[in-house]
Amino acid sequence: MKDILHPISLTVALIGLACLLRDLPARRRDTAWAALVAVYLLSALSFLFSISSMWRAIDEALGARNLAVPLAMSCVVALLAGQQIVLSYWSSPADRARRMSWYWLGAGAVVVAALFVLFFLLTPAVQRPTDFTLYYAHDHVYAAYLTVYISAYTLAEGYLSVASWRLAGRSPRAAVRVGLRTVAVGAAVTLGYSAVRIGNVIAAAMGTSLTGWEDFAWISGDLGTILTLVGWLIPTLTAQARNTSYRWGLRRAHRQLHPLWLAFYHVVPEIALTPSGSMADDRSLIQGIPFKVYRRVVEIRDGQTAVRPYLDHDTRQASEQRHRAAGLSGDELHAAVTADQIRAALAAHTQGTPPARPTDFADQNMESRHPIEDLDALRAIARHFARHDHPELPETVRT
Amino acid sequence: MWSSRRQQPEILAQLKLPQVASIRDLRHEETRRTGRAVHIEAAETVLGRRCGVCYVTENAFYIFYDPRTSRAHQDHVIGHEIAHVLLGHHEARRPSEAVPQGFAPLLDPALVEMMLARSSYEEAEEHDAELLASYLYGRVIEHRLRNASPPGDDTQERIAHTLLSRREAER
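Residue numbers (the working numbering), protein chains in the order written: chain A, 86 to 484; chain B, 2 to 172.
Just so you know, these hints were derived from the structure itself, not from any lab. Small disclaimer: the values here were computed from a predicted structure and weren't measured. Any given hint could be a false lead.
Derived DEER-like restraints, expressed as beta-carbon distance ranges [what the hints assert, rightly or not]:
1. B:K17 / A:S138: 57 to 63 Å
2. B:L112 / A:Q449: 28 to 34 Å
3. A:Q402 / B:A43: 25 to 31 Å
4. A:R332 / B:E123: 27 to 33 Å
5. A:A103 / B:D155: 25 to 31 Å
6. A:G412 / B:A125: 46 to 52 Å
7. A:G412 / B:D155: 49 to 55 Å
8. B:P68 / A:D366: 32 to 38 Å
Which chain B residues face chain A? A few, computed with CB under 10 Å, are given here [said to hold, decoys possible]:
9. H29
10. D67
11. H74
Glycine residues also receive a C-beta, built at the ideal position from the N, C-alpha and C atoms.
With these hints in hand, go ahead and build the complete structure from the sequences.
Quick look at the structure:
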């Protein structure tokens, strides 16, 4: 079971580490983030050392049997200290968190030192990569070793679970709440591993064994750790998904607005701004889709202003009657009428024939205070504009 | 619509403008820098094709915008006129065009020293003012996006700082 689960857990830890390291240039002085990176790195190392093939390779390389045990468990103890450092930086001001971090690092170092001392007192001569605890649980030195390790593990994971759940309840951000609760549940699940290992010590003292619980121990330990590692990442993964969706929406909007913009550009080409010169120094900004969409919205609005003197009252009235009869109302009606008005005004502008009875755009009745709302209003107009231009086509994106 | 990014064009870094929730709030910074009051008024009277104009007097700037266009577009037009002043275009002392009577009593045509409009982008000043207005509005949208998340206490802000990737937070 261990050799099935550990590679999966190792993969999750490495993916999480890669996600975090993308921020490295911006996070050089961020201790909480550095501690979180250490948690993923140490977690990955602990799983790596515990995989049977690596276990044997370490034995051969270092010339000591079962050295993977204290190495892997030291990594776990260190990552437990890292988790506590993260919690300290969250719950306390930086100065206090820094002092607490030294405490946690010191406590972790003491536990690691104790583990190595006890391990070398144990001197386990038989290589047991798959059932080390079951094999050595009856040895008093290993019982002491396991008691030290599992005490630190249980206290740290228990505290992580409670603290994460409490912090989640206070967060105003949904993704952070979900992430921290996942961490809390994951830490609680790892206590199943603790329970079995405590049971191993007690069972050995009573002259029996918990052989049948070994799979449960590994499933609890690995599943809990995976949940914890995923939980820390949920806020960033959520933000990334939202950002991707947002930018995809902007690209779609840019394409949707193109026919409308192009119609104005053909008649009033001076609406277009071509960024150049020293002020256009940030090419990534100017060539980015948000800037392009923003400019497209401004230029369409400029185009509307340019053809406003050619808006004909009768055209608007006829359009309103037709679209009302088709069942349109509210903003959809205003958008459809505005599209008709734009089409007629562009033609009148080209012919130079101002109307006898001028009027204004129907989209003045559309509420669009925020730029996003303005974009939505123009997308609705652009949809009706494109539909009329290509009545034989379904309403699809055209560029 | 805009991307929330920390990186910004050099001109914005040079101008060192305060973060504002609305582009109209930049009028206070403009007053602080020039010592002149800034009046922003809606006026449908002959504003030209680009629906905005700024009249410069000895003591004030009068920015007029067309209220018939969308609020977001109005803000952009106002941003363009503010950009002219931020870029120092009002210091060129060009002769003003005739001031339409429609702006009375908001503005006495006799006091006008100069007019800054929003016309052809082939003119360098218009191009630069329009580009800066686009940048300025980008900052405003960025500010709104950044403040869209409900604020938490110090602990919650620290948690969000750690768990939200800087890359995603700054986009």
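Going down the list of hints, with the structure as the test:
{"no.": "1", "hint": "B:K17 / A:S138: 57 to 63 Å", "verdict": "holds (59 Å)"}
{"no.": "2", "hint": "B:L112 / A:Q449: 28 to 34 Å", "verdict": "holds (33 Å)"}
{"no.": "3", "hint": "A:Q402 / B:A43: 25 to 31 Å", "verdict": "holds (26 Å)"}
{"no.": "4", "hint": "A:R332 / B:E123: 27 to 33 Å", "verdict": "holds (32 Å)"}
{"no.": "5", "hint": "A:A103 / B:D155: 25 to 31 Å", "verdict": "holds (30 Å)"}
{"no.": "6", "hint": "A:G412 / B:A125: 46 to 52 Å", "verdict": "holds (51 Å)"}
{"no.": "7", "hint": "A:G412 / B:D155: 49 to 55 Å", "verdict": "holds (54 Å)"}
{"no.": "8", "hint": "B:P68 / A:D366: 32 to 38 Å", "verdict": "holds (34 Å)"}
{"no.": "9", "hint": "H29", "verdict": "violated (21 Å)"}
{"no.": "10", "hint": "D67", "verdict": "holds (7 Å)"}
{"no.": "11", "hint": "H74", "verdict": "holds (4 Å)"}
Consistency note: the structure conflicts with earlier hint 9 alone.
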